[in-house]
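Peer 1: For the record, the sequence lines run as chains A and B.
1 is the number of the first residue of the first sequence in the numbering used here; add one for each residue after it.
116 is the number of the first residue of the second sequence in the numbering used here; add one for each residue after it.
Because the hints were derived from the structure by calculation, they are not lab data.
Heads up, a few of these hints could be off.
[What the hints assert, rightly or not] Simulated crosslink set (BS3-like; lysine-lysine; CA at most 30 Å straight-line): (1) B:K193 to B:K139; (2) A:K38 to B:K183; (3) A:K3 to A:K38; (4) A:K38 to A:K16; (5) A:K16 to A:K114; (6) B:K183 to B:K193; (7) A:K3 to A:K70; (8) B:K183 to B:K139; (9) B:K193 to A:K3; (10) A:K38 to A:K114; (11) A:K16 to B:K183; (12) A:K38 to A:K70; (13) A:K38 to B:K139; (14) A:K38 to B:K193.
From a predicted model like this one, the values you see are computed outputs, not experimental measurements.
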Amino acid sequence: AQKVTQAQTEISVVEKEDVTLDCVYETRDTTYYLFWYKQPPSGELVFLIRRNSFDEQNEISGRYSWNFQKSTSSFNFTITASQVVDSAVYFCALSRERQGGKLIFGQGTELSVKP
Amino acid sequence: DAGVIQSPRHEVTEMGQEVTLRCKPISGHNSLFWYRQTMMRGLELLIYFNNNVPIDDSGMPEDRFSAKMPNASFSTLKIQPSEPRDSAVYFCASTRAGRVRETQYFGPGTRLLVL
Chain A
1 AQKVTQAQTE ISVVEKEDVT LDCVYETRDT TYYLFWYKQP PSGELVFLIR
51 RNSFDEQNEI SGRYSWNFQK STSSFNFTIT ASQVVDSAVY FCALSRERQG
101 GKLIFGQGTE LSVKP
Chain B
116 DAGVIQSPRH EVTEMGQEVT LRCKPISGHN SLFWYRQTMM RGLELLIYFN
166 NNVPIDDSGM PEDRFSAKMP NASFSTLKIQ PSEPRDSAVY FCASTRAGRV
216 RETQYFGPGT RLLVL
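Just chain A, with the same shape it has in the complex (with noise of 0.2 Å):
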């Protein structure tokens, strides 16, 4: 079975402070993707990175990197110097190459950045 367990239900930091987002998923297919995508209140969801199975080189995009490990079926997301427009809620997603390329989301980690 796939899953997505992202174990952090809320997390809250003051501006400026470095946080990671959990992310663990399941999967017994040796071609997947991963991505992350950010909600911000407005309610539309952002994408922000994906990141296929045969691909463990880490990214950094400005603030936001991105840690993908297969030995341990993680891939975890950090914002560096946070700030208050990166409150939201962040969903990591599996996508299988089956199944016609479905999302199968985790629950999301709720970041509020307090000023």
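Model the placement of chain B on the given structure of chain A, informed by the hints.
Peer 2: Leaving out everything else, chain B in the frame of chain A:
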């Protein structure tokens, strides 16, 4: 470029009424997905289409729900009759289906409240 367009953005209706949600995917995308977001169940796939053909509707809750995609630029999700437990945010997403799993881009969602 226009993103995924959904209408209406908000819908309030009374139990028993028919509700129709609409989606226009990104031009050139040939896969379309309908997701539902609730507090209890999180984000879950209802149905998806490839090249206008329904591929997997196993997530459709019951016969009251139906979805169509008459052409590449339009899809509807219909609930008849609606019930209070159908209250949720309904998202439409689109992507290019091909050999490589592409990113799904989401519309702004339709917030449905059934009284």
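Peer 1: If a hint holds in the structure, say so; if it doesn't, say that too.
Peer 2: Tested hints:
Taking the CA atoms of K193 of chain B and K139 of chain B, the gap is near 15 Å; set against the 30 Å cutoff, the hint holds. For the given pair, K38 of chain A sits about 28 Å from K183 of chain B by alpha-carbon distance, which is consistent with the 30 Å threshold. Proposed proximity of K3 of chain A and K38 of chain A is supported: the alpha carbons are some 19 Å apart, at most 30 Å. The suggested pairing of K38 of chain A with K16 of chain A holds, with an alpha-carbon distance near 19 Å, which does not exceed 30 Å.
As the CA atoms of K16 of chain A and K114 of chain A are separated by approximately 9 Å, the hinted pair is consistent with the 30 Å bound. A C-alpha spacing of about 9 Å is found between K183 of chain B and K193 of chain B, which places the hinted pair at or below 30 Å, so the restraint holds. With a CA separation close to 15 Å, the supplied pair K3 of chain A and K70 of chain A stays within the 30 Å bound. As the CA atoms of K183 of chain B and K139 of chain B are separated by approximately 12 Å, the hinted pair is consistent with the 30 Å bound.
Among the hinted pairs, K193 of chain B with K3 of chain A is consistent with the structure: their alpha-carbon atoms are about 28 Å apart, no more than 30 Å. Annotation: proposed proximity of K38 of chain A to K114 of chain A holds, straight-line Cα distance about 18 Å (limit 30 Å). A distance of roughly 47 Å separates the Cα atoms of K16 of chain A and K183 of chain B; the hinted pair therefore is violated under the 30 Å criterion. Taken as a hint, the K38 of chain A and K70 of chain A pair is honoured in the structure, with Cα atoms around 23 Å apart against an allowance of 30 Å.
Between K38 of chain A and K139 of chain B the CA atoms are separated by roughly 22 Å; this keeps the pair inside 30 Å, and the hint holds. Restraint check for K38 of chain A and K193 of chain B: the C-alpha separation of about 27 Å stays at or below 30 Å, so the hint holds.
Against the hints set out earlier in the document, a violation occurs for number 11 only.
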